[in-house]
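Chemist: Sequence:
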Amino acid sequence: MALKIGLITQTRQAEAMRMALGLLLLGDEAEVFFPQCLPAQDEMAVIQRKNALEMEVPLHFDHPQAPEELRLSPEAFTEALLQFDRLIPL
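Residue numbers for the sequence shown follow UniProt numbering, beginning at 1 and rising by one.
Note that these hints are calculated values from the structure, not bench results. Check before you lean on any hint, since a few could be wrong.
Stated by the list, open to error - Pairwise CB distance ranges (calculated): (1) E43 x E69: 14 to 24 angstroms; (2) Q36 x E69: 13 to 23 angstroms; (3) L81 x T11: 17 to 27 angstroms.
Just so it is clear, CB atoms sit at the ideal spot from N, CA and C, and this is done for glycine as well.
With these hints in hand, go ahead and build the complete structure from the sequences.
Modeler: This is how it looks when you write it as structure tokens:
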């Protein structure tokens, strides 16, 4: 049975997105949440974000300056976290 897994991180963004892709390949659903931070701009994070978006892994930021297509309101961000079977903090 596929699990719905939420990954939560601020500082290990590339690793969280890479892990989400691995969970997707194992047949689970994964979404990545980045509380109170902007998308990291280091090379690995940019590559992993591109890969995650190509594989349609949902990425969620609640920072007001995050890109609009990835941003959730703080209320929607919190509510979305309640929909998962497992939450993994990184």
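Chemist: Determine for every hint whether it applies to the structure shown.
Modeler: Okay, the hints, checked on the actual structure:
no., hint, verdict
1, E43 x E69: 14 to 24 angstroms, "holds, 21 angstroms"
2, Q36 x E69: 13 to 23 angstroms, "holds, 18 angstroms"
3, L81 x T11: 17 to 27 angstroms, "holds, 18 angstroms"
Hint compliance for this structure: every hint is met.
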